[in-house]
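Chemist: Chain B is already provided as a structure; the job is to place chain A on it using the hints.
Protein chains in written order, with the numbering used here: chain B, 12 to 251; chain A, 366 to 834.
FYI, nobody ran anything at the bench for these hints, they're computed from the structure.
Every residue, glycine too, gets a C-beta built ideally from N, C-alpha and C.
Coverage of chain A stretches by chain B, computed from C-beta distances (three or more under 8 Å per stretch; other residues unrestricted): (1) 386 to 398; (2) 572 to 581; (3) 625 to 636.
Simulated pairs of lysine to aspartate or glutamate, EDC-like, Cα-Cα distance not exceeding 16 Å: (4) K22/B - D427/A; (5) K142/B - E563/A; (6) K596/A - E136/B; (7) K22/B - D452/A; (8) K596/A - E132/B; (9) K22/B - E434/A; (10) K230/B - E527/A.
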Amino acid sequence: MNASRSEILSKIRLSLARPRREHHHGHNAVTNDIRKLFASASSHENLVQTFKQEFERVSGEFHHCSNGDAVVHSIKDLITSAGSKHIAVSRHALCERLNVRERLAAVLPDAIFVDESIDGENPFERERLQKEMAQVQFSITGVDYLMAETGTALLVSGKQASRQISLLPSIHLFLASPNQIYPNMAEVFLELQERHGNHLPGNALTLITGPSRTADIEKVLIKGVHGPTRLIGLMVELQD
Amino acid sequence: MKLTPRLFKSYASRNISNPRLRKTYRFATHHALEKRLQVVHEVPEWEALRDRAHTIKEQTIDQLDHYLEKLESNVVANGGQVFWARDGKEACEHILEIAERIHARTVVKSKSMTTEEIGLSHVLEENKLDPVETDLGEYIIQLAHEWPSHITAPALHKTRGEVGALFAEKLGIPYTDVPEELCEVARKILRGKFLSAELGISGVNFALADTGTIVIVENEGNARLSTTLPKVHIAVMGLEKVIPTASDLPIFLRLLARSSTGQKQTSYVSLISGPRKAGELDGPDEFHLIILDNGRTEILKDPKARESLFCIRCGACLNTCPIYQRVGGHSYGSVYSGPIGAVITPLFQGVDVAKDLPYASSLCGACTNICPVKIDIHHMLLWLRKQVVDSGGTPWLERVAMKLYLAGMKDSVLYGFGSRLLRLILKASGKANASWTVPGWTETREFPPLAEKSFKTLWRERQQEEQHL
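Just chain B, same shape as in the assembly (with noise of 0.2 Å):
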């Protein structure tokens, strides 16, 4: 600790005019408190078609699976399209569940499949994975929470999926069930301090809406600028 430290410290509290105190519990938003400030999109009915609705107004693209083989028909048929030639996928666990990477490999035996089953220990096997990300332009990941008022998704990167995967790719593809779906963003933090407290998981949590996207030369919308140019979501209810 840098001995500028207690001099700003000590300059608040006497800005403040006031000794170093405890702290007073002023605040400490209570949840019905915020729940109130969320009122109006906090409706549970039709989670999914509102999800879609706000998730193609930020030009996502939305696609709806009900069962396995649909679902790798579905990535199979876009990867084509786009004529995207390397692919990752990442270890989120619906992604695992229904076995995409080894079925995709199956149906496109032309593709390269960038494997993020690395040891994250190993700074050889990151710089490696880095490398082979930034060739990719199809990824496949899982999320963790939708939010049907905004089009959110929030996915946490750590140990299941990289921050990058998400990030370098051109084009973004998400699978999802509808439980995953919750009204607002605030029903998410409640529902993320509930099951982890005040730790945060991942090093990191990124709420993405829609793809890349800049209006910094004459307010024109242009997708794509740093992040992915496409952002695709797959809805998966499994009848089964």
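Modeler: Below, chain A alone, put in the same frame as chain B:
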């Protein structure tokens, strides 16, 4: 152009007489305001959200020491390192030390007003590093050697033709003014920088005390790349950016994008809790958080000025301000422009240096009405004008005139005497228009011709007429 608020008047008058620039500003600000209106209308809780956000900021600032200490201990618990910087110099020196230790050469920066405030890029350049601004707007103004003209849209003043000419000159590409093509050029160049940079530097939109997390809000993905790929990530935050808990964040995020760009949510919001942890696949090996004072604890002293530290840098007050729309962002001579810039620049740099800025307002209150955290901006501008007057920042003629006016307003006999005397002088001068009386003031304003009779005379006559009826 020199970055100083002392030149406000000359910059402003030059910009006002530039029709192309005025058109660019008018289009961009109106575009943003229209989009904002659509997404604000659909939130019936808007006013309650503003109140809540204001209260959270107020109560956090009231216990700032507590929350900063909490933030620090949680960042450290997450494996990050915290450095406290009294001023920009100390922050820049610390960043240079880190850069030297890791033998950094290319530094990718994501858009951050705080690093603009401390002039970080210049310091890095002077020390033989290659700092690259990676937000498209920031990249444009870095190539043009300018400072941001808007808090959230730094290259708002540039037309596509100007950007095209700039890219052709600096990057050696064939001229094009198609925004998509220009963007593609920047994407390619910057992607290479991201992949080779040793150090990434970002700002901080919010810092969550209870989880030790920093939050970065953006649309392009450059902040994600800057904070993910390089081995070391340094985040620089003004000490007012802390909020108590993660569950406060949705409240601010529901306000911020809507106020700023008229989006319901920006493309990306990153919540970063320290460096890569054991077994994780990527993320930097080192995470440093710099907590910057740079005059903020001084602002904290005055309960009236304190409110300016609530600002979440959305830029809505700039868009709605009739003065900003006309004089443009560069006139303010500060990286912070518009109404909030006119408040914090004098507070940061002193009212003597920035004495014209509190007057860059019609006091219409549009800024206060639009502010998502309900900062009473136009009353703060009025209060700052008083500081300018009290510190002797006004010309002697104005001071004498105001003293006489005050005496007259307090005494009806004196008032009557004064107004008769003035009328006599004006009439005796024989000019229909009295512009010559107050030369500075009437240069840009029409002085109304003298009425036949004074208000007092008219009033008296009217009362007499009524009595006769």
